[in-house]
Amino acid sequence: QKEVEQNSGPLSVPEGAIASLNCTYSDRGSQSFFWYRQYSGKSPELIMSIYSNGDKEDGRFTAQLNKASQYVSLLIRDSQPSDSATYLCAVRAGGYNKLIFGAGTRLAVHP
Amino acid sequence: EAQVTQNPRYLITVTGKKLTVTCSQNMNHEYMSWYRQDPGLGLRQIYYSMNVEVTDKGDVPEGYKVSRKEKRNFPLILESPSPNQTSLYFCASRPWGTGNNYEQYFGPGTRLTVT
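Chains A and B, in that order, are what the protein sequence lines are.
Each residue of the first sequence is one higher than the one before, starting from 1 at the first, in our numbering.
Each residue of the second sequence is one higher than the one before, starting from 1 at the first, in our numbering.
Calculated from the structure, these hints are not laboratory results.
Check each hint, because a few of them may be wrong.
Now the stretches of chain A that chain B is said to cover, found in silico as 3 or more residues with beta-carbon under 8 Å [to be verified]:
1. 9 to 18
2. 42 to 54
Straight-line Cα separation of at most 20 Å, DMTMM-like style, residue types lysine to aspartate or glutamate; simulated pairs [unchecked claim]:
3. K98(A) with E79(B)
4. K98(A) with D59(B)
5. K42(A) with E103(B)
6. K56(A) with E103(B)
7. K98(A) with E53(B)
8. K42(A) with D38(B)
9. K98(A) with D56(B)
Backbone N, C-alpha and C fix where the C-beta goes; we use that ideal spot for every residue, glycine too.
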């Protein structure tokens, strides 16, 4: 079982819709959770971090964490073509001073 | 501006010719690491360093060396590059240790081709 799993996509949504990206992790002791956006050929860019159960909102982005279900998600409201990218979920596993990355979900927002 | 820089950004080389990719950060971060990214495989950690003179292997260290003589610099060395090391390489840094501050920042990437 992979430690951090994401659906590879592509997830295709129309412009203006809500894009929902999901991530599950295997280590129940995981502490911190991050979402990175990566445009093709570019470096990952941190867009959200979340540390406790519930929702965290930042502009059009909302991160949701459910530690009991070992599940973290990212919602992008009013999706724009410029949001088309690969989204990487990263988890700091319990007891480790290391970030573990999922393979990423490719999002395509079409006009 | 807080940033992680890498050089070169693009490199084409031949099998067996030693090369070094430099990485530098200006955020006074203790922790630095190197990743390679290949299609379908995501980001895989090569080596990491928790502070000056402290380095350790990541998930895919074979064929690579690193050093950390100064806090800001963390070069990646390929002593004898091979074609299977053709990849996109990222250096990253973050604060080390307590609390939840594991926000990690990436350099712009180095695209390496070994022929």
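Hints and how they fare:
Coverage of the region 9 to 18 of chain A by chain B is violated in this model, with 0 residues showing a Cβ closer than 8 Å to a Cβ of that chain against a need of three. Check on the region 42 to 54 of chain A: 7 of its residues sit with their Cβ under 8 Å from a Cβ of chain B, so the three-residue criterion for coverage holds. Our distance criterion of 20 Å between C-alpha atoms is broken by K98(A) and E79(B), whose separation comes to about 26 Å. Among the hinted pairs, K98(A) with D59(B) is consistent with the structure: their alpha-carbon atoms are about 11 Å apart, no more than 20 Å.
Under the criterion of a C-alpha separation no larger than 20 Å, the hint pairing K42(A) with E103(B) is consistent with the structure, at around 18 Å. Pair hint K56(A) plus E103(B) holds up; C-alpha atoms about 16 Å apart against a cutoff of 20 Å. Only pairs whose Cα atoms come within 20 Å are accepted, and K98(A) paired with E53(B) is accepted, the gap being roughly 18 Å. For the given pair, K42(A) sits about 13 Å from D38(B) by alpha-carbon distance, which is consistent with the 20 Å threshold.
Restraint check for K98(A) and D56(B): satisfied, since their Cα atoms lie roughly 12 Å apart, inside the 20 Å limit.
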